[in-house]
Each structure stands twice: as structure tokens, then as C-alpha cells.
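S.K.: Protein chains in written order, with the numbering used here: chain A, 1 to 87; chain B, 1 to 577.
These aren't lab readings, by the way, just hints derived from the structure by calculation. Among the hints, erroneous ones may be present.
[Stated by the list, open to error] Taking lysine-lysine and the DSSO-like style, the derived pairs with C-alpha atoms no more than 27 Å apart in a straight line are:
id	chain 1	residue 1	chain 2	residue 2
1	A	Lys-73	B	Lys-185
2	A	Lys-58	B	Lys-132
3	B	Lys-185	A	Lys-58
4	B	Lys-185	B	Lys-9
5	B	Lys-402	A	Lys-73
6	B	Lys-402	A	Lys-65
7	B	Lys-183	A	Lys-58
8	A	Lys-39	A	Lys-58
9	B	Lys-402	B	Lys-315
10	B	Lys-346	A	Lys-65
11	B	Lys-402	B	Lys-346
12	B	Lys-183	B	Lys-62
13	B	Lys-351	B	Lys-315
14	B	Lys-315	B	Lys-183
15	B	Lys-2	A	Lys-58
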Amino acid sequence: MGMARYRLQLSLNNQPEALGKLILLIKQARLSLIEANIKQASPEILNAQLLIDGREEKIQWLLNKLILFPYFKSVDLMSIEVARDVQ
Amino acid sequence: MKAINLMVKKMEELGVEVIFGIPGGSNLPLYDALYDSNISSILMRHEQQAAHAADGYARVKKRPGIVTATSGPGATNLITGIVNAAMDSVPIVALTGQVVRAFMGTDAFQEADIVGLVLPHVKYAATVTDSKRLVKEFVNAYNCAYSGRPGPTLIDIPRDVMQEDIGELDNSDAIPDPAFLWKPKLPIDAELEKAASLISSVNRVTILVGGGVHFSGATSEVLKLAELINAPIVTTLPGKTCIPQDHPFVLGSVGMHGRLEANMAIINSDLVIAVGTRLSDRAIGPPADFKKGRKIIHIDIDASELGKNVIPDVKLIGDAKLVLNNLINKLITHGLSRKDVEWIDKLRDLKNAYEEYMMSQTDESRLNSWKIVKLIREEIPRSAIVTTGVGQHQMWANLFFKVLEPGTYITSAGLGTMGFGLPAAFGAKVAAPDRIVVNIDGDGSFQMTCQTLSNIVEYNYPVITVIFDNRALGMVRQWQDLFYGKRFKDVDLTETTDFVKLAEAFGVEGVFTQSYDEVRMTLRRAVRNNDAIVIDVPIDKNEKVFPMVPPGRWLADYIAPPGFDGHGKISTSVITK
Ligand SMILES: Cc1ncc(C[n+]2csc(CCOP(=O)(O)OP(=O)(O)O)c2C)c(N)n1
Chain A
1 MGMARYRLQL
11 SLNNQPEALG
21 KLILLIKQAR
31 LSLIEANIKQ
41 ASPEILNAQL
51 LIDGREEKIQ
61 WLLNKLILFP
71 YFKSVDLMSI
81 EVARDVQ
Chain B
1 MKAINLMVKK
11 MEELGVEVIF
21 GIPGGSNLPL
31 YDALYDSNIS
41 SILMRHEQQA
51 AHAADGYARV
61 KKRPGIVTAT
71 SGPGATNLIT
81 GIVNAAMDSV
91 PIVALTGQVV
101 RAFMGTDAFQ
111 EADIVGLVLP
121 HVKYAATVTD
131 SKRLVKEFVN
141 AYNCAYSGRP
151 GPTLIDIPRD
161 VMQEDIGELD
171 NSDAIPDPAF
181 LWKPKLPIDA
191 ELEKAASLIS
201 SVNRVTILVG
211 GGVHFSGATS
221 EVLKLAELIN
231 APIVTTLPGK
241 TCIPQDHPFV
251 LGSVGMHGRL
261 EANMAIINSD
271 LVIAVGTRLS
281 DRAIGPPADF
291 KKGRKIIHID
301 IDASELGKNV
311 IPDVKLIGDA
321 KLVLNNLINK
331 LITHGLSRKD
341 VEWIDKLRDL
351 KNAYEEYMMS
361 QTDESRLNSW
371 KIVKLIREEI
381 PRSAIVTTGV
391 GQHQMWANLF
401 FKVLEPGTYI
411 TSAGLGTMGF
421 GLPAAFGAKV
431 AAPDRIVVNI
441 DGDGSFQMTC
451 QTLSNIVEYN
461 YPVITVIFDN
471 RALGMVRQWQ
481 DLFYGKRFKD
491 VDLTETTDFV
501 KLAEAFGVEG
511 VFTQSYDEVR
521 MTLRRAVRNN
531 DAIVIDVPID
541 KNEKVFPMVP
551 PGRWLADYIA
561 PPGFDGHGKI
571 STSVITK
């Protein structure tokens, strides 16, 4: 399975633990974070858009894993692009 | 009412019976609330031991074990126990005291960011800064620990949050937030169809059982499936507890120190049905080899496990019991023909040959670990619970201890935590005081957590410990022997430590044994009287555990016990593929 660039849309608790867990899971999956856009949707909820490079099976793992933790409300894979410059 | 008193009241309502821990400045309000509660508290001697005790308790009760520690060093001492619980998917809830809110973030006395420290390894951890949220956070963490795939959670509570008056319990606090009540997915019918057709299309199917079967309570479904299709059952290390080994289809554990016949059942299979296992390297060897030449159906409640280590041909997401029931129904409607049972007979021949060979080894000058393990099985009731430390003795127990009733074997599998055995045994005894609990330990492992002996006496939860005393960190010594040219470095333990005196210092009887008969009679007496005892059994430090698959190698590359012509037997009687 090849490398690709993924855009994820997440809704998560506005808690440092939630952000911490997100980064730790990206680390565990050995994915690289290219861009992160995080905004408060309400005092309790953050919306995050992430651009991530990595292997498809690892992204799949991340998507499946994130939803198991109560910190995360929703996770959607928005787009995939197989970029030539993705290492 | 103070927030912490309301939380303790809620714990009582949820049926919490016991909490393992150690008090300190930051969790004192919790202890003060426990003073007036019917929840018993057990004062451990080290927080790591408290976490392992909660772990042992949880595995027996199949409900969360609760542990508490103060801020700073108390909390950091919990970490090994928390990670151990995560690796073996055991529900424990840790309640840590934290410095008061005004001091948080100032490197205050005994301040440690315990949430940050455990975050990679827990299902949920949070610091509660709003006292009105405390009860709800506990209810959430409690539910989260056991719903879906079980695991540890942690609630970190600043002392002043515990002490704030918040009025009365709000009814809405009783119900966990929906995100914490994780409902497993239902298996997809098309995938079940695919699985059933795959099973129908192959000759040799092996069922590989992991620890997920324990918390799911899916033992009878596994047996039913095996009987329906004539499939041998093998287990991972955590899966060993799930399956009674006196069933004729059960062949024992696979992996680095797995039984030859169990590994052969994988090697010679056309299809493996893996249930509730993460297919770790210790169990299956390199994933590419595991995948080569066979199909895989993977059943797990945690979708992220499917494809993480091995990409399966069929993914069945859901609770093991439910998925297996659905699969069995599907196979029955398919009108499935049974597989050839001769294969299992051949694997059983190999099993008998290995056992006969090992039991025929006679050397009057020393006691053999495998014979001691067999003797323990003979002397304790079917329902007795066995725990282990980590090392060679653990692997001998894995090879020779036969689980007869589900849920009676507790070991630190994923993390391999030396020192797990005794506190886990204590926690198991607290959960099941009417059952015999035996800790099979190594002298190295035992010395890491032996203070739990004082709890055994103080709270009168008698546990039997059998120390496989080789005066060495035996397993590491074995690796230095086999893979580092016998350059033994820091693996021999002093001859002067006296385990009999050590046990007696804690108020537990200690017995040094020199013959199988002595071990047998001492054990028999302790079982009969339900006594706490430490039985010190001398073992030769040069004894090595075989079979062994060298690290990173495929299961077929095993090293057989010296002198056992496993390969000849296997190639003539088993491998016919
Ligand atoms: C806490 C911890 N430290 C180190 C290790 C590495 N280790 C694995 S087995 C082992 C030796 C265990 O010795 P002992 O408990 O005496 O058991 P034996 O192998 O001799 O049966 C060691 C040091 C470990 N698993 N856990």
C-alpha cells in the first residue's frame, strides 16, 4: 500500500487531553503532520482540519482508533491525494 | 456535600467493593470520604502493586478494579500497572490526587502531570478542574474502562476540587455521557457470508484465541465453532485463560515459547480464525510469514486491530461472543461439512510425544521446572486461580500448566512486567476469597513486589507463592546463553537472600523444598488449610525453556528441547501439506 496525503476533519472535546491524544495517535501511527487548523466550534468543542502524509493502512488505523476514544466526536476522511513529493 | 463524598456515594451505587491504594496529601479527602463508606480500602505497600492488585481483581470479577494514589510520586508509581492493564486490555480506574488548582503548573511540591504521562496508554484520562463535574467524570471513566475493548482510565483530582461543597447528587450524573458508553458494532452480514464460504473452501482451519474471548465470555462459542468444523484451538498468552485445556481440540499456546503442536497447528493451517487477539509478534512471529500460504479471518471488537499487524482476508468487527454466534448460525445454514479430524489426532500425538519426553527426563540432582508446574496443577482444585511473574517460570507455566476452567490464569502478557504475579494474585484472592490462588513466580520477579506479602497477612487473603528459585534472571540469562555467546552479565542473583526468612519477616510461612514430594506435600497442606505460604523451589540456573522460536523468526524455526526429535516427528506425522 502506498503513501498518500490525507485531509481529515475532526470534531473533538475542547480539552488539552483530547489534543494531546490526537498528536500521540498520529505519532503512534508514524504519520507526518503537514498542516493543522484548529478552531473552537463552541466552548466545549474544537474543529480540526489536518493534512497528513502516510501509508494508507496507517491512516485507516488512525481513523478506526480515534473513534474509540471519548475525546473525539467525529472523524471524517475528506480527501486523498497521492502526491509525488510525499516521502 | 463535598464533591468527593458524592463521588464515593456514586462508587457505592455502582457496586464498587474495594479500592487498592496508598494515601498522601493530595488524595486524603478521598480517604476521608472512604472512612464513612462501605467500600473497603486496602493499604498496599507500593502503588505499582496497588495497580496490579486492581488488575488481578478486575480479571477475576470482569469489572473495573479501582486504584488510588496521591499526586507526584504516588501517581508516577502507578504507571507500570496502568500500562500493563492497557497492554492486556484490563479495565482499571485510577484515581489520583493532584495539587490544588492554584498551584497547578507551578512545579509545586509533589506535582506531576500524571494525565500527560499516561495519556498514550489509557482509554481516557482527565484532570477534573470543575468540582461539579467530578461525579460525572468518575461515572464516565468507570463505564469507559469496561465498555467495548476494556482498558485503563484515570481521573486526576486536585485536592481542593475534592473538598468543594457542591450540594446534592444530580440525577443526570448517574448516566455516562454517550461517548463513554461505547457500543460494539454488529458484524456485517456480507462479511459473515464471506467468512462462512472461506471456511467451507479450505481443509485445515485453526482457531487462534486471544484475551478478548475472556471479557466477552465467548468460551462456549469458541468450543462450539471448533466442534462444528473440527478445528484445533490454540491460544495466545492472554488467550490461555479462556479455554479449558482438557477439551480434546485444545492444543495450548502459540508463539515464541508456544507448544510445538500449537505452533504446528498454525504452520499447517489453510485458514486461521483469530478471535480477540492483536496478533502480536510474540504470538505469530513475522506477520509476512504468518500471512504466507494461509487465509485469515480476524474477529475483534476494536476495528483498529484489523489490519494493524496482519491484513486479514475477512474482517469481522464486533464482540467475540456475538460474532461467533452469528458465524456459527451462518455455517449451519450453509450446511457445512466437517473437516478431517485426523489432523488434530496427529497434532495430539506430537503433544503427547513432547510431554512424555519432558517427563521422562530424570536427573536426581535437580528439580525440573516443568515437573513442578505439572505437580502444581495436580495439587490444586480445578477452580484455583494461577498468576505468574515474568521469565522462564512464566513460560514453563505457559507450556505445562493446564487451564481447566475459564478465567483461572492471569499473566502479564503484553508488557511482560516482572513483579506482576504476587500483587495480581492478591487482587485475585480479594475478588475470589473462596478460591485457592497460586502465584508461580521467579526469584527475580518476586523480589520486585514481595512486600505484598504484608497485605496477604494483614487482610487475611492467603495466597500461595511458589518461587522457581534459580538465583538468576533466568530468561535474560537464557538469551545471553543462546544469542550472546554465553557472555553472562548482570543476570546472576546473590545466593545469600533467604526467601524463607524473607517470608517469615512478613509473617508468612516460608518453606525451602528439596524434592518433588516435599513440594507436593507442602502445597497439599497449604491448599487444604487455605494457608498463605512461600514455597522456595531450587532450580538449576542453566535450565533453558524449549521449544523456543528465536526473536524475529517464523514459528517453524523453533529450537526443540535438546534430544527431542521434534522435527522428525513433525515432518513425518504432521506436515502433509
Ligand atoms: C520490570 C521488568 N524489568 C526487566 C525485565 C526483563 N526481564 C524479562 S525476564 C527477566 C528475568 C526474570 O527473572 P525471574 O523472575 O527470576 O524469572 P526466571 O526467568 O528466572 O524464571 C528480566 C529481567 C522485565 N520483563 N520486567
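S.K.: Now tell me if each hint is right for this structure.
M.R.: Outcome of the hint check:
For the proposed pair Lys-73 (chain A) and Lys-185 (chain B), the alpha carbon gap of about 17 Å is at most 27 Å, so the pair holds. The straight-line distance between the Cα atoms of Lys-58 (chain A) and Lys-132 (chain B) is roughly 39 Å, outside the 27 Å bound, and the hint therefore fails. Proximity of Lys-185 (chain B) to Lys-58 (chain A) is assessed by CA-CA distance (about 21 Å); at most 27 Å being required, the pair is judged to hold. With a C-alpha separation of about 33 Å, the suggested pair Lys-185 (chain B) and Lys-9 (chain B) falls outside the 27 Å cut-off, and the hint is violated.
At roughly 44 Å between alpha-carbon atoms, Lys-402 (chain B) and Lys-73 (chain A) are farther apart than 27 Å, so this suggested pair is violated. Using a Cα cut-off of 27 Å, the hinted pair Lys-402 (chain B) and Lys-65 (chain A) is violated, with the two alpha carbons roughly 35 Å apart. Under the criterion of a C-alpha separation no larger than 27 Å, the hint pairing Lys-183 (chain B) with Lys-58 (chain A) is consistent with the structure, at around 24 Å. The straight-line distance between the Cα atoms of Lys-39 (chain A) and Lys-58 (chain A) is roughly 25 Å, inside the 27 Å bound, and the hint therefore holds.
Only pairs whose Cα atoms come within 27 Å are accepted, and Lys-402 (chain B) paired with Lys-315 (chain B) is rejected, the gap being roughly 31 Å. Simply put, Lys-346 (chain B) and Lys-65 (chain A) have alpha-carbon atoms about 41 Å apart, too far for the 27 Å limit, and the pair is violated. Taking the CA atoms of Lys-402 (chain B) and Lys-346 (chain B), the gap is near 20 Å; set against the 27 Å cutoff, the hint holds. Annotation: proposed proximity of Lys-183 (chain B) to Lys-62 (chain B) holds, straight-line Cα distance about 17 Å (limit 27 Å).
Among the hinted pairs, Lys-351 (chain B) with Lys-315 (chain B) is inconsistent with the structure: their alpha-carbon atoms are about 31 Å apart, more than 27 Å. Straight-line distance between C-alpha atoms of Lys-315 (chain B) and Lys-183 (chain B) comes to about 18 Å, which keeps the hinted pair within the 27 Å bound. With a C-alpha separation of about 46 Å, the suggested pairing of Lys-2 (chain B) with Lys-58 (chain A) is violated against the 27 Å cut-off.
The structure does not agree with the numbered hints 2, 4, 5, 6, 9, 10, 13, 15 stated previously, though it agrees with the rest.
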